[in-house]
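Trainee: Given next are the chains, with one letter for each unit.
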Amino acid sequence: MKKLLFLGLFGLMAAVTYAGGYRVSLQGQRSLAMGHTGVAVVNNAELAFFNPAGLVYLENKINVAAGASAVFSNVKYQNSEFGISSETESAVGTPFYAYGSYRVNDWLTLGLAAYTPYGSSVEWPTDWAGSHLVNNIDLQAIYIQALAAVKISDKLSVGGGPIYVNGSVNFNRNLNRTLSDIEGNRSNVTVDASSVSAFGWSASAMYNATEDLRFGINYRSEIIVEAEGGDADFENIPNSPLTPFQDTQFNASLPMPAELSVGLSYELLDKWLFAFDYNMTYWNVYESLDLDFANAQIPDSENPRNYKNSSTYRFGLQYLANETVTLRVGYYFDESPVQSGYFAPETPRNDAHGFTGGLSLHVSDRFSIDAAFLYNRYEEVDESYNYYTENGETVPFEGTYKTSAFIPGLGVTYKL
Amino acid sequence: MKQYFKYIAILSLGIVSCEPEFDNPVDEPGAYSNGEADFTRYVALGNSLTAGYADNALYITGQENSYPNILAQQLDKTQDIEEFTIPFMSDNAGGLLLGGNQITNNRLVLAAGEGGSDPSPQVYTGMQATTEVGNVLQGPFNNMGVPGAKSYHLGFSGYGNVQNLATQSANPYFVRFASSPNATVMEDALAQNPTFFSLWIGNNDVLGYATSGGTGEFQLNNLDPSTYGPNDITDPNVFGSIYSEMVQALVANATGGVLINIPDVASVPFFTTVPTNAIPLDAQTAGVLNQQFSAYNTQVLPGLVQAGFITAEEAQARQINFAEGQNYVTLQDESLTNINQAVQGPPFNLDPQTAGLLSQLRQATPTDLIPLTSAGFLGTTVGGNPNMINGVSVPLGDQHVLTNAEQEMVRTATEKYNQVISGLAQVNDLALVDANAMLRQLAEGGIAYDGGTVTAQFATGGAFSLDGIHLTPRGYAIVANRMIEEINATYNAEVPKVNVGTYSTVTLSNDVQ
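Just so you know, the protein sequences line up as chains W and X, in that order. Terminal number for the first sequence in the numbering used here: 416, no gaps in between. Terminal number for the second sequence in the numbering used here: 513, no gaps in between.
Hints are computed from structural coordinates only; laboratory data are not their basis. Where a beta carbon is used, it is the ideal one built from N, C-alpha and C, also for glycine. Be a bit skeptical, because a hint or two may be false.
Claimed, not checked - So, partial list: chain X residues that the calculated Cβ filter (under 7 Å) puts toward chain W: (1) F22; (2) D23; (3) K77; (4) Q79; (5) S90; (6) A112; (7) G446; (8) D450; (9) G451; (10) T453; (11) N499; (12) G501; (13) L508.
Unchecked claim - Label pairs and their in silico Cβ distance ranges: (14) X/S422 to W/P244: 30 to 38 Å; (15) X/V288 to W/A294: 53 to 61 Å; (16) W/T126 to X/D27: 12 to 20 Å; (17) X/A295 to W/P244: 51 to 59 Å; (18) W/T126 to X/D23: 36 to 44 Å.
Stated by the list, open to error - Cβ-to-Cβ under 7 Å is the rule here; a few derived chain X residues that face chain W: (19) G345; (20) S504; (21) S509; (22) N510; (23) V512.
Given these sequences and hints, build the entire structure.
Mentor: And the structure:
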């Protein structure tokens, strides 16, 4: 019966399709090893992210979990009509998390969380074929959140708290496909904004239906990061009144979309735990990436994105092998929010299959080491970005993309 | 427990090696095909167009965007080829120095006034020219394009000898990279044993004449090119035999090649930008001028017809009339009967100066062509005299107009050259690029690309650089694509084209005097 359910879910997933954008789902090694499930799993302090309501069900008074992942990601681009190809520099990103919870009394647990759910680092070779769209981008956002979880009964709890976001962005692209100075150096602009603050919140609930079956729901609000007065640095601009580009300030906003997670976990034979999460990321808030330059002479840059809401289906399995070792595997299917014709190479993501695995070593009663890895498999995709214009003409940027990502991660769990 | 670590390590290694790989990667052998041709050593022969000359100069970025270099980069996608070497200039300013003295101008750039108004080509002065002709480069070079070369120059011994520059029998661009002072361009090309070649020569055999406004001669039946002046049209038979010899020598060892024919000069903006009705007049001035030419129109011309000195048809063509609005320029047409002496005699008895003005006078027609370089001369006055306006009261000299008769000679020669070229392409199974048709297409409607349409419109059309004759990188990219089309068709090859929209057009700069 359970097997049927499992297969059924897989089948559904195949029928529906395949999170993407600049969402980075690496918010806990134990959860990641299980396909980044966790909205209905009571395991360690990773609950601070996945479902703060569940913190009240942790056995210990003090719980800490922290870790980081190393993202090895490559994207290749090619266009067979012109025989051109490019590959991104394998920049290594290091998303991290740190969570702590403290049980104040029987019904109240407080917590603190820091994590990096959004970010992107893509570096194409300078002046590559798509340089008029992006040469490189580095987007970082650190979420810091205060949490409270309240136990309503042994079956039901609620939780949540306010989020403070500190973000930065650095983005470089060429001004168009051909403009250069007298020496042939391509004209380009770098926009840079750092320490941009924004606020949001999350709220969650957990319901323990039976000893073995839990349900969870978590909602994290949309946060629009507004960069005001960032620096726009124009380089290699011809000395001509026909190209009135000079260094100035810019305003721009970038949404960190809301995310809803629902899921369940089921424990069987005391050793096995199965978890399923469904995430909906409300990407449709990301309509356009617009740069508003302070200098009125410089035309504002409008770059339609038109993302759509996207779903992610996550499956995880945990096995308590013995006193010291816990093994985990998982799989998820991550649907890209990018619509056909809006495939911009700054976030070149299509639907992804995520394969995960990992283990925990319980070094002592209090201390565990958590390891996880994620391999993302993307289908090769023929796509284009059709909203770049030159002299009033729309010029699509077309090609074939293939992405891979391998992400090992290490964390610790401490409980007192 | 150690065992678990081991498993994880092995699993991790296996996955790390999973770089993204395309099903059909374009950067690996087999993605494209050289067909029956071998592109291992591609040598390009020709003139300024082959060198990547643009904006009235040769400079580094222009050389990088020469059609042979664009082509070579694409050929390289089909098989391993030797590096395509180029006799690079020293800078992007473009002028040549001989013994420290500048002998050719810097490149032209598009300069503009306040707020981008009145853009116009100006000589770039943002940096000094540093390319010294006497610094001979160590070759060999795959791009053997020599700016200024005519067909017969490629076989001239001493064309690369610095000593011959004084007598103008050498070419400073070839001096820079000739393997020895008396080596010919052809010898240096053949010594490389090219497996594939391209040849685009003959343009200057007509262009020198055309750009000079037809001041030279059509050397029809003169079989000795060493007696030709720089502005003469090469005899088609001379062209034919020289061209044929070059092709024979090249095909002897090469697996294939591309011949490119000669465009009609009337399709380049150098001749089509300045309108022949360039003179704006108000009604009053037009009236005064008509008054001045009244006796000429109504008495002199009919009198000459009556005397049988000129035909009625010629008299009609020689009428001078002005009106309010745009007026056709006046010019001296050497194909007209010289009436200088006749009008000084009775019954006209004109003074020698007036007679001189009238000697071969006519007004331009829409089919005459005025060189771009004469644009600044029209409407200027002689010695500041407001009654002596060039192109109005003072007829333009021969060098300022390529008349119908002169165009006809250019066209005749061009057609004959092109017959030779297509005949040789056919006989030798070579790819042929019809540059003549291509430039006509640019002039008449343009060639579409992903960002619009490239046209022959001066400065803004995208195809022609600021000298109005040579192409922009985008124009050269179109040439390269045409070559690729023909190579693919002729040699059953699959060479990928380039994306024309990614090649630049004219360069903007206000670093001018």
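Trainee: Against each hint, give a clear statement of whether it holds in the structure.
Mentor: Verification of the supplied hints:
A distance limit of 7 Å between C-beta atoms decides the matter here; for X/F22 the minimum to chain W is near 6 Å, and the interface restraint holds. With 7 Å as the threshold, the beta carbon of X/D23 comes within range of chain W, its nearest partner Cβ sitting at about 6 Å, so the hint holds. For X/K77, the shortest C-beta to C-beta distance to chain W is roughly 4 Å, which falls under 7 Å, so the interface hint holds. Restraint check, X/Q79 versus chain W: the minimum CB separation of about 12 Å is more than 7 Å; hint violated.
Given hint, X/S90 at the interface with chain W, is violated; its Cβ is 12 Å from that chain's nearest Cβ, farther than 7 Å. For X/A112, the shortest C-beta to C-beta distance to chain W is roughly 5 Å, which falls under 7 Å, so the interface hint holds. A least Cβ separation of about 13 Å between X/G446 and chain W goes past the 7 Å threshold, and the interface hint is therefore violated. Restraint check, X/D450 versus chain W: the minimum CB separation of about 5 Å is within 7 Å; hint holds.
Of the supplied interface hints, the one on X/G451 holds, with its beta-carbon coming within about 5 Å of a beta-carbon of chain W, less than 7 Å. A hinted interface residue such as X/T453 counts as satisfied when its beta carbon comes closer than 7 Å to some beta carbon of chain W; here the least separation is about 9 Å, so the hint is violated. Annotation: X/N499 was flagged as interfacial toward chain W, and the flag holds, the nearest CB pair being 5 Å apart, inside 7 Å. For X/G501, the interface hint holds, the least distance from its beta-carbon to any beta-carbon of chain W being 6 Å, beneath 7 Å.
With its C-beta approaching chain W no nearer than about 4 Å, X/L508 sits inside the 7 Å limit, and its interface hint holds. Restraint check, X/S422 to W/P244: a C-beta distance of roughly 49 Å breaks the suggested window 30 to 38 Å. Distance hint for X/V288 and W/A294: a CB-CB separation of about 57 Å, consistent with the stated range 53 to 61 Å. Between W/T126 and X/D27 the beta carbon distance is about 18 Å. The supplied range of 12 to 20 Å therefore holds.
Restraint check, X/A295 to W/P244: a C-beta distance of roughly 57 Å satisfies the suggested window 51 to 59 Å. For the pair W/T126 and X/D23, the supplied restraint of 36 to 44 Å is violated, since their beta-carbon distance comes to about 28 Å. Because the smallest distance between the Cβ of X/G345 and any Cβ of chain W comes to about 59 Å, over 7 Å, the interface hint for this residue is violated. For the restraint placing X/S504 at the interface with chain W, the shortest Cβ-Cβ distance is roughly 4 Å, inside the 7 Å limit, so the hint holds.
Checking X/S509 against chain W by beta carbon gives a least distance of about 6 Å; that is within 7 Å, so the hint holds. Interface restraint check for X/N510: the shortest CB-CB distance to chain W comes to about 5 Å, inside 7 Å, so the restraint holds. A distance limit of 7 Å between C-beta atoms decides the matter here; for X/V512 the minimum to chain W is near 10 Å, and the interface restraint is violated.
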